[in-house]
Amino acid sequence: MLTRVFHGSRRYWALVALWAVLIVIGLFAYSRQFSQGLSVTGMSRDVSWGLYIAQFTFMVGIAASAVMVVLPYYLHDYKAFGRTVILGEFLAVSAVLVCVLFIFVDMGQPRRVMNVMLHPRPNSVMFWDFMVLFGYLLLNLVIGTTAIEAERKGVPPPKWVRPLIYLSIPWAVSIHTVTAFLYSGLGARPFWMTAILAPRFLASAFAAGPSLLILLALLVRRFGGFDVGERSIRALSVIVTYAMVVNVFFVLVEMFTALYSGIPHDVDAFAYLLAGLQGHAALRPWTWVGDFLAVACVVLLLVPAVRHRERWLAWLCAGVIASLWIEKGLALIVAGFIPSPLDHITEYAPTAPEIAITIGVYAVGGLVLTTLYKVVLSVRKDLQFA
Amino acid sequence: MTDRPRIVLGLGVFLVLAAYPVWSALASSAPPERPELERATDSIGCVEDTLWMKAHHADLLNEWRTSVVREGTRTYVSTSGRTWDMSLTGTCMSCHKSREAFCERCHTYADVTPTCWNCHVPPEGGLR
Amino acid sequence: MNESRRRFLKELGCTVLGAGVALPLLDPTRLGTDVGKAASRPAAGGARASAAAAASSRQWAMVVDVEKCLREDVRNACVEACDRAHNVPRIPDPKEEVKWIWSERYEGVFPDEVHAHTPAATREAPVLVLCNHCTDPACVKVCPTGATFKRESDGIVMMDMHRCIGCRYCMAACPYGARSFNWRDPRPWIETDASGKPASDYPTRTRGVVEKCDFCSERLRVGQTPACVEAANAVQGGEGALTFGEVSDPDSDVSRLLAERNTVCRKVRLGTGPNVYYILPGATPAGDGRA
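Protein chains in written order, with the numbering used here: chain A, 24 to 409; chain B, 259 to 386; chain C, 3 to 293.
Isolated chain A (complex conformation) (with noise of 0.2 Å):
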């Protein structure tokens, strides 16, 4: 199955060639990093926390949201995400990948990671988030190709990947749910120690991951002749549209508790993504604009009318995933460490090399994401034309 990735269109190899050139770009920066230690980063002793872990924290999202096609399909027989599942969970794989990723070159000594595993420490949130990423790549990896090739050779899949699936559906829960851990156990950050931070996550991850599932779904069937069914997008759209609304409404009840009560640390963080803090305001039009995409594609996404128009669903996902990439992918790592505990305040922007990294862990994720795919196009071009 694998051999398939090698024969491809024009188009597909430009695409893998784009990918490859963002990784090389993304290497080169990452031996500059290496060598020279973090300082070519924009984090500080303050914002010690930067893109990296926020891309971490958004892809996790990205990857638990498989769990809301499996669910339906293999819990509850939802027949129209039939051709969808196998898309999702690679979508899981790749993603998943990317997490593992970011964490590796966040970490300061990365010779040293293997620690993690000969120290283990159970105590550790991020011990816990080690091994659940892990996992789930593992568990999707497996259940993905036992179904594709199951497909290919037209026999069902094997009765050992059934508890598998099943497994992976609360796996898919807790990878974000210890994910959002990290942050909301930590009473040195008020703005993360929120116990909807982990309901807020969740939701998060459901309307982006269908999002870009849509997106996807609506190009593999543009450029790869495969088409998911125009029931399994509405579906998905459902899906997107309703996690949006949870996920706006948490937002505003987290708001509410802040602002509200008046209590200064609270109230800090959320002045400063929303006005400024004693004049730093760097986040500021990024949290304005991501706020404002996010109601108003909530808004339009609830109109039929609108969701039934492919076209204008692709941009509305698009919002979506925009505006929850400012939100997790940028402001919620960024403002725990706004002000710091001792009440400075130390903006974060990113550099230029820390850019080019993450967007080459990205192209990775991309490159992946692309031979996964490659392989199911390939293996049901054949299955058409058997």
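Among these hints, one or two may not hold up.
In the DSS-like style, the derived pairs of lysine-lysine whose C-alpha atoms are separated by at most 30 Å in a straight line are [to be verified]: (1) Lys182(A) with Lys12(C); (2) Lys102(A) with Lys404(A); (3) Lys152(C) with Lys176(A); (4) Lys97(C) with Lys152(C); (5) Lys152(C) with Lys404(A); (6) Lys355(B) with Lys199(C); (7) Lys199(C) with Lys70(C); (8) Lys102(A) with Lys182(A); (9) Lys269(C) with Lys199(C).
Here are a few chain C residues that sit away from chain A, every Cβ distance over 10 Å (derived from the structure) [stated by the list, open to error]: (10) Ser6; (11) Glu109; (12) Gly110; (13) Glu115; (14) Thr137; (15) Thr147; (16) Arg165; (17) Ser197; (18) Val212; (19) Gly247; (20) Asp251.
Hints listed in this document are in silico derivations from the structure and should not be mistaken for laboratory results.
Quick caveat, the model's predicted, so the values are computed rather than measured.
Even for Gly, the Cβ is constructed at its ideal location relative to N, Cα and C.
Using the hints provided, position chains B and C relative to the given structure of chain A.
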């Protein structure tokens, strides 16, 4: 299999390349010199005997680090019953005085690069 | 691909993976220090003599007299002594600075003690801050490798520089901002004398690890007090600015001070149990001290 001649040829090329260290060493006229270490000058002897230290000094240092940093105990009782302070710079280097004349001779010969001196201050001073 | 070729490659891959995982496990000396270290021992067994105090549950603590530390010469002496004793790099960029003990504004150190009518002189008053070596440290809780840990023998929250992977989770978890990360190789910024020797033999750190005050554990074991305490007490009029001792010992200086004076800790409500105690000034400072 019509590929057999190609495979055999490829395997042969690979084996030749992989065995390069062996046949190039055999072929060279002058064998590489064994490292000359500047031994410690005083006579109280090392923590453990030389043969054991040659094989296990890295493990010993790891153990010392764990004991000093993680457990807070710093006294080592050697097989001979003598007590030592567990310290790279304080104990080992107080006799073996120079990392260039002692440590690095064998490490360069064996092509290993332990990162001790990235952090520990070398006895001859200088943060490199 | 040919079916038998696929099977061969799959089985080869599994064998390599299995051997790669199993072989290190079979050789105990290869593994990390938690497992198999006994195998490296010579037959008669060298052993570590455990100090008598190792089994005790001692907790070191410090009392900072904020009023005495308002003096700039006292505070500078502390910071200087610490930097020299531990080869702490002096990095000019505040984003990358490394500091183990330093001065902060009263307003930032004790945000719950400051109100609308707190005089500016009090808000601005400089207060020495350092790692609190908490009883229930948040940083230890979150460290995925145990590179930072609370040492059982003396209660010091230690850093194992060999194990730290530089994930900086501890920095996110510390409510006191006590930790610094080595964003670059610190050695170019470490003070050396004319011949290139650094101020002390204490190992410098490498890029990519987190560091912080360790209550001068290397001085404590030879019976000395921490460098900052010694330096503060050496300044004329600075005696008693910093007091150090075992809070677990009811007869120590620290315990006596805690019983006699009103002391506060930073962010007590977070439940970390800090072990650095502050005696706040009785009156508004004169106003010329600057953090």
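Now for the hints, and whether the structure bears them out:
1. Lys182(A) with Lys12(C): Judged against 30 Å, a Cα distance of about 21 Å means the pair holds.
2. Lys102(A) with Lys404(A): Holds, at about 20 Å.
3. Lys152(C) with Lys176(A): violated (57 Å)
4. Lys97(C) with Lys152(C): Given pair lysine 97(C), lysine 152(C) holds - Cα atoms ~28 Å apart, limit 30 Å.
5. Lys152(C) with Lys404(A): Violated, at roughly 60 Å.
6. Lys355(B) with Lys199(C): Distance of about 15 Å is within 30 Å: holds.
7. Lys199(C) with Lys70(C): Between lysine 199(C) and lysine 70(C) the Cα gap is close to 34 Å, so the pair fails against 30 Å, i.e. violated.
8. Lys102(A) with Lys182(A): holds (19 Å)
9. Lys269(C) with Lys199(C): The given pair, whose Cα atoms are some 40 Å apart, is violated under the 30 Å limit.
10. Ser6: holds (15 Å)
11. Glu109: With a cut-off of 10 Å, glutamate 109(C) comes too close to chain A, as the shortest Cβ separation is near 7 Å.
12. Gly110: violated (4 Å)
13. Glu115: holds (13 Å)
14. Thr137: Holds, since 14 Å exceeds 10 Å.
15. Thr147: violated (4 Å)
16. Arg165: violated (6 Å)
17. Ser197: Non-interface label stands for serine 197(C): nearest chain A Cβ at 27 Å, farther than 10 Å.
18. Val212: Per Cβ check, valine 212(C) is inside 10 Å of chain A; nearest 8 Å; violated.
19. Gly247: holds (26 Å)
20. Asp251: holds (29 Å)
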